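Q: With chain A fixed as given, assemble chain B onto it according to the hints.
Residue numbers (our numbering), protein chains in the order written: chain A, 92 to 576; chain B, 582 to 680.
Take the hints with a grain of salt, since some may be wrong.
[As the list claims (entries may be wrong)] Mimicking DSS-like on lysine-lysine, the simulated pairs with C-alpha atoms at most 30 Å apart in a straight line are:
#1 A:K126 - A:K507
#2 A:K184 - B:K667
#3 A:K200 - B:K644
#4 A:K438 - B:K610
#5 B:K667 - A:K393
#6 A:K507 - B:K610
#7 A:K438 - B:K651
#8 A:K355 - B:K627
#9 A:K438 - B:K611
[Unchecked claim] Pair ranges (Cβ atoms, derived):
#10 B:K608 - A:L380: 35 to 43 Å
#11 A:R545 - B:E592: 16 to 24 Å
#12 B:E607 - A:K378: 50 to 58 Å
Bear in mind the hints are in silico, worked out from the structure with no lab data behind them. Just so we're clear, the structure is a prediction, and the values are computed from it rather than from any experiment. Glycine included, C-beta positions come from ideal geometry on N, C-alpha and C.
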Amino acid sequence: MDLHTFTIRSLGEGFRKKEFSVTEVTKYFFDEIKKKDKDIGSYLSLMDEQALVEAKYADELFREGKASSITGIPLAIKDNFLIEGTKTTAASKILEHYVASYDATVIRKLKDEHVVFLGKTNMDEFAMGSSTENSAFHVTKNPYDITRVPGGSSGGSAAAVSAGLAVGALGSDTAGSIRQPAAFCGVVGLKPTYGSVSRFGLIAMASSFDHVGPITKTVEDAAILYDAIKGYDRFDATSISGEQPSTTEMDVDYIKKLVIGIPKECFEFELEKEVREGIEMAIEKFKKLGFTLKEVSLPHIKYSVPAYYIITPAEVSANLARFDGIRYGNISDLKSEISNLRELYEKSRGVGFGPETKRRILLGTFVLSAGYYDAYYGKAKKIQECIVENFNAVFDKKEDGVDVVFMPTTPTRAFKIGEKTGDPVSMYLSDIFTVPTNFAGVPSLSLPVKKYDREKKELPIGFQLIGKKMYEKDILGLGMYYEKN
Amino acid sequence: MSEKINEKTIEHLATLARIELEKDAEKNKKLHTDLSSILNYFESLKDVDTTNVSPTIGSALEKNVYREDKEEDVSDISLLKEQFPKSENGYLKTPPVFD
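Bound-form chain A, shown alone:
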């Protein structure tokens, strides 16, 4: 049974045709993980016991003809999603012993369809980082070249899918944390419209930019998983109400009419030679497929990264105030005697948070302090508005706007482990093409330029298709069309 190449779609068909059972497939994946994950390090913890119970139940559903399109699909879950009764660490020492007391809404939705959770994947601590090197537990390696990073912060999820250690995964994306690792690992990642997928039960980092989305092998799979997790949730105050149409059916006539805009600013940034070539290849392919492409302008995107690193730390400093060494379990290696509550807070947070988390909390505390608020936070929120306006203008049909914006996902291919850890600003710059859409709340899909050959040690390159708010069907449809032609 070579399940390595299976997708959500094809695995589901195999289950229905009784080619293999969910239990067999689940066992296959745990065998694969045992064999291969010591080299990759994509998982932080495995859920083998629960998975086999769930697999049995899913097999029952197939026998009774009650299974859905994702029943029995083995998925990996980033370790910042709460699964009741399961350890959830966000790759932080401060949550080393935390066991989630409830299910995230997306987890609940997937449980209702009886998917199989294989385990929790590695990430940058509290999703802060672009390489998964900020995990308090271990470094995850890129399946295409184990001397390189898988990207981050959803690096474990992307690496697991890329290495065939899960068929799909959930990730979270605050500045590109789904799309950048997807690009580095040669898989597909979707950051949906802000408000289309609930964040209830996702450990919050920067709430105004946090998004939940799928990481999969194909665009079609991303659409299937997105359809399964989207929808209004009263427990997330930013959730958008109303019916959301299915995105899995590709309407070719509609897709072919979409006008694609290419921001001229993308080529003003320093792009690695291979990335530039890959991006040009993708543009050529769209031209050959007969699409209308036109140059557009997003003049403020170059300011998105510095503005992001003001607004996000500000939110981080508030969101992470809840981690006090009490409510979410204690720190085991707190050696000295604690005499009062304040000392417990300071020591727990001092030992429990890693360097990047501390940097951001301190930075956030600084930019929000009296006297600096206007110069930093106030200014950054205005820059955000400029970027929102940039996207509004580009998509404005009255002004001859486009339907979809095309952009590279990252300025470079996967970099070497350790290459950027010494210099936070250079690490932050890997988010240059992904941050703008988190500012504007518009959906963005990252997909590989082509199929990459692991044997030849080729490093994958991804590009983004960015759509109007709630127009996931445009970017997913266009992505499916690109992928199938």
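A: Using the frame of chain A, we list chain B on its own:
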């Protein structure tokens, strides 16, 4: 702006954020260098004229969200209580607020 942060400021911020800094002078120097370089990086924002721009409020919804202010049954909270490091006779226990 880069002069606005020195090691003393960092100590103050750490106190406000309830984080005990490391005892290692090298590591704290690195923290200072990192924070200074990040703050320098923000300088480019000064180039943008934002005189007539209002800051972004919310990213998707233009309306506020309300719900009834009424009591609701929540799921079993025993798992939540188990996370507490110490408890006694059903009460959750922390170190004293004052020495």
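Q: Each hint should be assessed against the structure and marked as holding or not.
A: Hints versus structure:
The straight-line distance between the Cα atoms of K126 (chain A) and K507 (chain A) is roughly 24 Å, inside the 30 Å bound, and the hint therefore holds. Under the criterion of a C-alpha separation no larger than 30 Å, the hint pairing K184 (chain A) with K667 (chain B) is consistent with the structure, at around 19 Å. This hinted pair checks out: K200 (chain A) and K644 (chain B) have alpha carbons roughly 26 Å apart, not beyond 30 Å. Using a Cα cut-off of 30 Å, the hinted pair K438 (chain A) and K610 (chain B) holds, with the two alpha carbons roughly 20 Å apart.
Using a Cα cut-off of 30 Å, the hinted pair K667 (chain B) and K393 (chain A) is violated, with the two alpha carbons roughly 50 Å apart. Distance restraint check for K507 (chain A) and K610 (chain B): the Cα-Cα separation of roughly 25 Å lies within the 30 Å cut-off, and the hinted pair is therefore satisfied. Proposed proximity of K438 (chain A) and K651 (chain B) is contradicted: the alpha carbons are some 38 Å apart, above 30 Å. Annotation: proposed proximity of K355 (chain A) to K627 (chain B) holds, straight-line Cα distance about 23 Å (limit 30 Å).
Note on K438 (chain A) and K611 (chain B): the hinted pairing holds, with a Cα-Cα distance of about 20 Å set against a maximum of 30 Å. The hinted window of 35 to 43 Å between K608 (chain B) and L380 (chain A) is violated, with their beta carbons roughly 53 Å apart. For the hinted restraint 16 to 24 Å between R545 (chain A) and E592 (chain B), the CB-CB distance of approximately 49 Å leaves it violated. Checked against the hint of 50 to 58 Å, the pair E607 (chain B) and K378 (chain A) passes, with Cβ atoms roughly 54 Å apart.
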